[in-house]
Amino acid sequence: MSASPARGVIPLLTAQALAFGVTLALLVVPANALFLNAYGSKWLPATYIAIAVFGSAASAVIAWAARRMRLVQVATASLVALAVLYAASWLILVAGGVWVSAFLLVLFPIALQMGFVFIGGQAGRLLDVRQLKERFPRIVTGFSVGFLLGGLLGIPLLALLGSTEHLLLATTAAQLVFLGLLLATERRFPEVQAAPSKSSPEVARPSARLLFASSLVLLLCAYQVLSAMGSQLLDFLFFNRAQVRYSGNDLTRFLSGFTALLNLADILFLALVAGPLMRRFGLRLGLVLNPFVVAALLAIMALVVAGPGAATFGFFALAGVARVSDLVLTDGTTRTSVNASFQVIPVGERLAVQAVVEGIGVPVAIGATGAVLLVMNVVHLGPGAVVVFGVLLSVIWTFTGAAMYRSYTRALAAEMRPGSLTAQGVELGESDAALHALLGSDDARDVRLGLDLLGGFASTPSAGAALRQASDHPDPEVRVRALARLAATGDSEAAAAAAALAGELARSADPVERRAAASALGSPSFIDADSRMLIGLLDDRDPTVRAAALDAVGPEDAVEPEVVRRVVAAVGEPSTTGSATAALRRLGDVAVPLLAEVVARDPPPKRPRLVRAAAHAASEHPVVFAPALEDPDRVVVLAALDALDAANGVVPPEILDGIFRDAAAHAARALAARTSLEGDNGSLLRALDDEIDLARRLVIAVLSVRHGERVRDAARVADRADGQRRALGVEALDVILSREEAEIAVPLVRRDLTPDEQAAALARIGPPARAQEEWIAEMAEDPDKVWRSSWLGVCARHAAGR
Amino acid sequence: MTDVPSSPAGSLGLVERVAALHRVQMFAGIPGRVLAAVAEAAVEERAAQGELLMEEGAVEAHLYAIVEGRVRVHRGGRTLDELGPGATVGELAVLAPAPRSASVTALEPTLVLRVDQLVFDELLVEWPELAHGVIEDLVSRIRARAELDEQAP
Numbered sequence: 045m046s047a048s049p050a051r052g053v054i055p056l057l058t059a060q061a062l063a064f065g066v067t068l069a070l071l072v073v074p075a076n077a078l079f080l081n082a083y084g085s086k087w088l089p090a091t092y093i094a095i096a097v098f099g100s101a102a103s104a105v106i107a108w109a110a111r112r113m114r115l116v117q118v119a120t121a122s123l124v125a126l127a128v129l130y131a132a133s134w135l136i137l138v139a140g141g142v143w144v145s146a147f148l149l150v151l152f153p154i155a156l157q158m159g160f161v162f163i164g165g166q167a168g169r170l171l172d173v174r175q176l177k178e179r180f181p182r183i184v185t186g187f188s189v190g191f192l193l194g195g196l197l198g199i200p201l202l203a204l205l206g207s208t209e210h211l212l213l214a215t216t217a218a219q220l221v222f223l224g225l226l227l228a229t230e231r232r233f234p235e236v237q238a239a240p241s242k243s244s245p246e247v248a249r250p251s252a253r254l255l256f257a258s259s260l261v262l263l264l265c266a267y268q269v270l271s272a273m274g275s276q277l278l279d280f281l282f283f284n285r286a287q288v289r290y291s292g293n294d295l296t297r298f299l300s301g302f303t304a305l306l307n308l309a310d311i312l313f314l315a316l317v318a319g320p321l322m323r324r325f326g327l328r329l330g331l332v333l334n335p336f337v338v339a340a341l342l343a344i345m346a347l348v349v350a351g352p353g354a355a356t357f358g359f360f361a362l363a364g365v366a367r368v369s370d371l372v373l374t375d376g377t378t379r380t381s382v383n384a385s386f387q388v389i390p391v392g393e394r395l396a397v398q399a400v401v402e403g404i405g406v407p408v409a410i411g412a413t414g415a416v417l418l419v420m421n422v423v424h425l426g427p428g429a430v431v432v433f434g435v436l437l438s439v440i441w442t443f444t445g446a447a448m449y450r451s452y453t454r455a456l457a458a459e460m461r462p463g464s465l466t467a468q469g470v471e472l473g474e475s476d477a478a479l480h481a482l483l484g485s486d487d488a489r490d491v492r493l494g495l496d497l498l499g500g501f502a503s504t505p506s507a508g509a510a511l512r513q514a515s516d517h518p519d520p521e522v523r524v525r526a527l528a529r530l531a532a533t534g535d536s537e538a539a540a541a542a543a544a545l546a547g548e549l550a551r552s553a554d555p556v557e558r559r560a561a562a563s564a565l566g567s568p569s570f571i572d573a574d575s576r577m578l579i580g581l582l583d584d585r586d587p588t589v590r591a592a593a594l595d596a597v598g599p600e601d602a603v604e605p606e607v608v609r610r611v612v613a614a615v616g617e618p619s620t621t622g623s624a625t626a627a628l629r630r631l632g633d634v635a636v637p638l639l640a641e642v643v644a645r646d647p648p649p650k651r652p653r654l655v656r657a658a659a660h661a662a663s664e665h666p667v668v669f670a671p672a673l674e675d676p677d678r679v680v681v682l683a684a685l686d687a688l689d690a691a692n693g694v695v696p697p698e699i700l701d702g703i704f705r706d707a708a709a710h711a712a713r714a715l716a717a718r719t720s721l722e723g724d725n726g727s728l729l730r731a732l733d734d735e736i737d738l739a740r741r742l743v744i745a746v747l748s749v750r751h752g753e754r755v756r757d758a759a760r761v762a763d764r765a766d767g768q769r770r771a772l773g774v775e776a777l778d779v780i781l782s783r784e785e786a787e788i789a790v791p792l793v794r795r796d797l798t799p800d801e802q803a804a805a806l807a808r809i810g811p812p813a814r815a816q817e818e819w820i821a822e823m824a825e826d827p828d829k830v831w832r833s834s835w836l837g838v839c840a841r842h843a844a845g846r
Numbered sequence: 022m023t024d025v026p027s028s029p030a031g032s033l034g035l036v037e038r039v040a041a042l043h044r045v046q047m048f049a050g051i052p053g054r055v056l057a058a059v060a061e062a063a064v065e066e067r068a069a070q071g072e073l074l075m076e077e078g079a080v081e082a083h084l085y086a087i088v089e090g091r092v093r094v095h096r097g098g099r100t101l102d103e104l105g106p107g108a109t110v111g112e113l114a115v116l117a118p119a120p121r122s123a124s125v126t127a128l129e130p131t132l133v134l135r136v137d138q139l140v141f142d143e144l145l146v147e148w149p150e151l152a153h154g155v156i157e158d159l160v161s162r163i164r165a166r167a168e169l170d171e172q173a174p
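Going down the list, the sequences are from chains A and B. Taking the numbering used here, the leading residue of the first sequence gets 45, the next gets one more, and so forth. Taking the numbering used here, the leading residue of the second sequence gets 22, the next gets one more, and so forth.
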């Protein structure tokens, strides 16, 4: 389920594909007929090598043009050039130059690749990754229908025009229709004109080194090469066997019938199977299904060769089945998966990469296949050797598909990851002058910043001088902190002065001075100081003094039960929660028993806060969290999960499963209730939305614990981004999560869905439909304790009372 | 489950109070179950037309969320802003208590909810995303003030 593309996009792209299919069918039929009549099939591998040479040159020209021109300009120029070539070939053939049929055979796969680059390029600009996965197979169906129509049109056209070479006039006409449709698409959807960026030369003109530095691009290239080699090999095997069994007009009739069957199978697969298959299994299956099926069929053919032999009908039938399987899977799953994989490559590089991968990689693969087949001919190896080579090739292709999927998921996760704001460490050497300027400043804020930045460098002679200067500063906090720093370097005089000053400040009536005393207690020179001063400051009436005292609590204070007790109590106070949480982390295990007691005992409003704090201090201690993870209040469960996830704590899988099931059921129930509400139920609707959001957060928290932070990254993108990027976020969730998880999480994360659409997506696990009054009564009373939300109950009773 | 307080004192019920706070931009994203505690602790105040709700220079630590009516924000005789239901006044005081920078007078009978700093602090700890709402609110207030200053003769 994804938002629909703009009206007219799919029909126009499908119409282009249809015209493209008609064009190519009207090219390949006369080209094959003329070539086989003139030269026979033994020279077919030579045409493959020619394809490599001319295909690479053509795609290099396209890639060069793509970096300098808009997609539509490149496509227009290429399609016009092809139309001119078809017309010129007709003139040459009419003049008796049958050699041009070899040129047309070479031109066929090049035109095929170019057409899909142009249609795929437009689709990539007009559809997001989710829409591509769902709708691109339908566009490709247009090509198959066109190819079938073109093949069927060949017979009446031949009767009408009188000679095979005249079919090229129809080829030229169909090519011009394709061009017209492309220009119509451009006029209606100007966004297909997306030009290469002028501001970033690296992006606009990616060098080969830059392109192939990406493992995904490398694997995409390898995958396309292996796919093309596999298809070419199967094509050759089939033609080779067909020539053995048929000849003359029988061969032509058989090939016509097989072409019709091939395209019919392709159309049916694309129309009925490919979309649901890709929606259900995604790229995980889409990238490996084709090579796996081809490998399996070739392995069976190898067994047949080893047994009854290559001359049998069984071998011939298997060659036909393999050819059909490869074509339908290439169009239905492989091409769609490859196009979707391109979506994680930045848009500025995408067309250039596509042109290199599909335009150079594929022709080279076909040429390499031709060379291998020629060598096999020279050394008189039969079809058995071709089959064994094919098995090896398709096994490597399968593994490449699996590796490409992994690379794709990594690239997606990297695309989802937010940028880091972590600053580089301060280099004292380079910042020495600035640091001394801060420490020597009259402004206490500058000196405090200098003391913060000083870190562990106080032992250097220049730092010592700066600290002695700061120890005479008028600001008491600066003075006591500077003395404490000096004391930490072993200066006993400074230590005595710091202790005396801290004691004096702690007794002051001014909270600023008491806060200064508390700040100084955090210094290592005060480790052995009397804990009564710290306890007194932890009990201070001023919350800022208490927070500073909490900041001064260190691991050495764990031996003081009174300090531990005060730190745990401070977690519940809003003004000291942050400092107390950090102090708990430093106290470590010693606080665990007290924390467990408080988490179990404290009233509900404070429990989530306590649980969050406890996770930082004791994430390894199930005694604290087991009750929180099974708390009836989902807010407490969420707090525990989030905190444990952040602290890398361990959650038993069965508990995670239980939370996930409960959250999914809660979301489905709340959505079902929400869709039944009518009229003025604003507060109740809002309360239900809050419950849906709570369930969504719980689901994401569980999945983040299971699969790592990349779930939160993807959910964040799916939630907050728009258009293509949001689709990438949803796609990332799809590839990270299992199907069962994705079926729950994806509809909840997608904010572009209406509550009705979300409810429909989760209806499978939701309760049966009910009347509004029944829902309100259930939420108000909650007899089965399924809602477990006091606020929802209040809103439901309010709605019932109106 | 997180307990929700029942029927606070005043003419508005708890649900109406939460609904009123949800209309305030900075509280709009906070779940009702969290806001219910704020609504319960908030104090209803009514001001007659022309009555001073906040006085410039007064040191207070609370904000007002306007539920009904309209108020004028002014410094002396100069009007800085006019606000109605869903707006807040005095939010700077709950972030950093200091003398009020302007006075607020009711332009018509007005009902407000007073939220004290302690309650606001609790809410910030409970729902840190509130900080985004506060920043957005302050930025829009500063922009509006800057535009007003530019228009002033």
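Misleading hints may appear alongside valid ones.
To give an idea of the interface, some chain B residues facing chain A are shown, with a C-beta separation under 7 Å as derived from the structure [what the hints assert, rightly or not]:
1) V36
2) A40
3) R44
4) P52
5) G53
6) A57
7) D142
8) E143
9) V146
Some chain B residues close to chain A (C-beta under 8 Å, calculated; not the full set) [as the list claims (entries may be wrong)]:
10) V39
11) R99
12) L113
Because the hints were derived from the structure by calculation, they are not lab data. Glycine included, each C-beta is placed from N, C-alpha and C at the ideal position.
Do the hints match the structure? See the list:
1. The beta carbon of V36 of chain B comes within 4 Å of a beta carbon in chain A, closer than 7 Å, and the hint placing it at the interface holds.
2. For the restraint placing A40 of chain B at the interface with chain A, the shortest Cβ-Cβ distance is roughly 5 Å, inside the 7 Å limit, so the hint holds.
3. Using the Cβ-Cβ criterion of 7 Å, the hint placing R44 of chain B at the interface with chain A is not satisfied: the shortest such distance is roughly 10 Å.
4. A least Cβ separation of about 4 Å between P52 of chain B and chain A falls short of the 7 Å threshold, and the interface hint therefore holds.
5. For the restraint placing G53 of chain B at the interface with chain A, the shortest Cβ-Cβ distance is roughly 5 Å, inside the 7 Å limit, so the hint holds.
6. Annotation: A57 of chain B was flagged as interfacial toward chain A, and the flag holds, the nearest CB pair being 5 Å apart, inside 7 Å.
7. For D142 of chain B, the interface hint holds, since its Cβ comes within 7 Å of a Cβ in chain A; the closest pair sits about 4 Å apart.
8. The beta carbon of E143 of chain B is positioned within 7 Å of a beta carbon in chain A (closest approach about 5 Å), and the interface hint is therefore held.
9. Because the beta carbon of V146 of chain B sits about 4 Å from the nearest beta carbon in chain A, less than 7 Å, this interface hint is met.
10. Nearest Cβ of chain A to the Cβ of V39 of chain B: about 7 Å, under the 8 Å cut. The hint holds.
11. With 8 Å as the threshold, the beta carbon of R99 of chain B stays out of range of chain A, its nearest partner Cβ sitting at about 34 Å, so the hint is violated.
12. Hint on L113 of chain B is violated. Least Cβ distance to chain A is approximately 18 Å, over the 8 Å limit.
Against the hints set out earlier in the document, violations occur for numbers 3, 11, 12.
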